[in-house]
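Novice: Line order of the protein sequences matches chains A and B.
Per the working numbering, the first sequence starts with residue 1, numbered consecutively.
Per the working numbering, the second sequence starts with residue 1, numbered consecutively.
Worth flagging that the hints you see were computed from the coordinates, not collected in a lab.
It should be emphasised that the depicted structure is a prediction, and the values quoted were computed from it without experimental measurement.
Treat the hints with care, since some could be wrong.
Straight-line alpha carbon distances no greater than 25 Å define the calculated DSS-like cross-link-like pairs of lysine-lysine that follow [stated by the list, open to error]: (1) Lys54/B / Lys162/A; (2) Lys149/A / Lys137/A; (3) Lys71/A / Lys113/A; (4) Lys168/A / Lys3/B; (5) Lys71/A / Lys38/A; (6) Lys3/B / Lys70/B; (7) Lys110/B / Lys205/A; (8) Lys3/B / Lys54/B; (9) Lys113/A / Lys6/A.
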Amino acid sequence: MDARPKILIVDDDEGMRDTLRDILEEEGYMVACASSGKQGLRTISEEFHNLTLIDIRLPDMSGLHLLEQVKRSSPDTACMLITGFASIETSVEALNLGAEAYIVKPLNIEQVKMSIHRALERQSLVIENRRLLESLKESNEKLKEEIRKKEVLQTKLIESEKLSALGKLVAGMRHEINNPLCAIMGRTQLLREAVERPSPHPRIKDGLDVIEAEGRRIVRILEYLDLFCTPWTVGLRAVDVNRTIERALAWTGNDTPHIEVVKEFERALPRITANEEGLMNLFNNLINNARDAMRNGGTLQISTRLQPDERSIAVVFRDTGEGIPRENLEHVFEPFFTTRDPGKGIGLGLSIAYHIVKEHGGEMVIASEEDNGTAFTITLPVTRESRTYEAQSIHKKGETDEENSGGRR
Amino acid sequence: MKKIVVADDDLNVRLLFNDVLSEEGYEVVGVASGPEAIREVESSSPDLLILDIKMPEMHGLQVLEKVREKNENLPVIICTAYKHMDDDPAVRESGVTAYLVKPVDINVLKDTVKQILGA
Numbered sequence: 001m002d003a004r005p006k007i008l009i010v011d012d013d014e015g016m017r018d019t020l021r022d023i024l025e026e027e028g029y030m031v032a033c034a035s036s037g038k039q040g041l042r043t044i045s046e047e048f049h050n051l052t053l054i055d056i057r058l059p060d061m062s063g064l065h066l067l068e069q070v071k072r073s074s075p076d077t078a079c080m081l082i083t084g085f086a087s088i089e090t091s092v093e094a095l096n097l098g099a100e101a102y103i104v105k106p107l108n109i110e111q112v113k114m115s116i117h118r119a120l121e122r123q124s125l126v127i128e129n130r131r132l133l134e135s136l137k138e139s140n141e142k143l144k145e146e147i148r149k150k151e152v153l154q155t156k157l158i159e160s161e162k163l164s165a166l167g168k169l170v171a172g173m174r175h176e177i178n179n180p181l182c183a184i185m186g187r188t189q190l191l192r193e194a195v196e197r198p199s200p201h202p203r204i205k206d207g208l209d210v211i212e213a214e215g216r217r218i219v220r221i222l223e224y225l226d227l228f229c230t231p232w233t234v235g236l237r238a239v240d241v242n243r244t245i246e247r248a249l250a251w252t253g254n255d256t257p258h259i260e261v262v263k264e265f266e267r268a269l270p271r272i273t274a275n276e277e278g279l280m281n282l283f284n285n286l287i288n289n290a291r292d293a294m295r296n297g298g299t300l301q302i303s304t305r306l307q308p309d310e311r312s313i314a315v316v317f318r319d320t321g322e323g324i325p326r327e328n329l330e331h332v333f334e335p336f337f338t339t340r341d342p343g344k345g346i347g348l349g350l351s352i353a354y355h356i357v358k359e360h361g362g363e364m365v366i367a368s369e370e371d372n373g374t375a376f377t378i379t380l381p382v383t384r385e386s387r388t389y390e391a392q393s394i395h396k397k398g399e400t401d402e403e404n405s406g407g408r409r
Numbered sequence: 001m002k003k004i005v006v007a008d009d010d011l012n013v014r015l016l017f018n019d020v021l022s023e024e025g026y027e028v029v030g031v032a033s034g035p036e037a038i039r040e041v042e043s044s045s046p047d048l049l050i051l052d053i054k055m056p057e058m059h060g061l062q063v064l065e066k067v068r069e070k071n072e073n074l075p076v077i078i079c080t081a082y083k084h085m086d087d088d089p090a091v092r093e094s095g096v097t098a099y100l101v102k103p104v105d106i107n108v109l110k111d112t113v114k115q116i117l118g119a
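Throw the hints in and build the complete structure from the sequences for me.
Specialist: Next up, the structure:
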């Protein structure tokens, strides 16, 4: 295919046509000629021409009219008008109709060549630009589709992770509940046998004690499970975390006489948007966990601070207890994982604590070394609402001060 | 007197088995974990081991494997919460003698033990 630009000359003056054709063919263009408007239109409709030179006065129509028609049928074709006189109105109208330029007779050959060259350059830029825009639009659409697909996949992944976590929870739950049930069912059978005997058998009282205790154990397990099902994202208020920690310490205080508690609270810690009951549960769990790790006494250090980026607060619970062996560290937040003696807790406390932190949009990490203690670091976001709350309360305070000091002058 | 070792991490389950089986005339020793069970079997050579499948530290089948290394002929009963244990090829190939589903019916427990150890 010939890649040379195609130019059409529309002029009824044979001399002019031939002259122009020679010049342009020498420049390396492919040239076609037409001697009337109709012929010109026919040629344009048969084949795309990059540029047309239109004489203003044609036998069958005005050059301006032809210009209009060409622009309508082939908008990408550059058009230049050849006029015998530089009438301003004609020139302006030509430009308005979409002509690239007009050339005035007698022709200045160099100017003609330059104008044509510029017009063709501009045309190729316009076409290229359009092509690029379309290709950009296409790849944008493809990208949008990919993002949509990824979002669907991600949602599915999160769902399946939740299901798998749920599955683990249910499996652990089953085991935990099955043991008390085993004792209850077995004892009930033994009681029936004992009841048949003539004199009261000590086994009757023993059996009843066990049944009641195991039944209570199942009740406690179900209460724990409730903590998982409770939505911690309702009942939100602006909470002063330092105060909540104090309350948790008061709540568990009597259980931990052998432990020294050191508090390093940041003063004026911003309030966070939280469910206060959830935070109480969280802190109680961590305090109990520390207590269990320091059965022979020790120090629990609790510190709070606003993070440097001011978008979250960090709460650290650090104990000087027995620490956690490395192989257990990754399991610490799993439901029913416990290293305590059987019967002394079912290992849900830390997994509930983790769950509550996540529900609040935060993170909890653990660092521990055997015999060197454990540190739990919780970060909780200071949300926009609570930041606004802070700003409002500071503002209100400012107003009050102004009133009290008689206002500004 | 025939000796039975009961391995289960739950105290009340151990006590239940103890009460039921000692009344039948067996000597019963309870242990709370897999490693303890292995030690007890090695040191006291019991006539039967009753093993819970889900214990902390070591899975019941692992304990069974270790016990079988030293003692091919010791009868072992596995206790499990799952009814369809015999569908699991790992269980079938482990050399288990019988299995009981929890919560255990004490009559089924007595009958199974009697079948294995005799009266």
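Novice: Now tell me, hint by hint, if it's right for this structure.
Specialist: Outcome of the hint check:
1. For a cut-off of 25 Å, the pair hint linking Lys54/B to Lys162/A stands: about 24 Å separates their Cα positions.
2. Between the alpha carbons of Lys149/A and Lys137/A the distance comes to roughly 18 Å, so the proposed pair stays at or under 25 Å and holds.
3. Note on Lys71/A and Lys113/A: the hinted pairing holds, with a Cα-Cα distance of about 22 Å set against a maximum of 25 Å.
4. Among the hinted pairs, Lys168/A with Lys3/B is inconsistent with the structure: their alpha-carbon atoms are about 37 Å apart, more than 25 Å.
5. The suggested pairing of Lys71/A with Lys38/A holds, with an alpha-carbon distance near 14 Å, which does not exceed 25 Å.
6. Among the hinted pairs, Lys3/B with Lys70/B is consistent with the structure: their alpha-carbon atoms are about 18 Å apart, no more than 25 Å.
7. Pair hint Lys110/B plus Lys205/A holds up; C-alpha atoms about 23 Å apart against a cutoff of 25 Å.
8. The suggested pairing of Lys3/B with Lys54/B holds, with an alpha-carbon distance near 23 Å, which does not exceed 25 Å.
9. This hinted pair checks out: Lys113/A and Lys6/A have alpha carbons roughly 14 Å apart, not beyond 25 Å.
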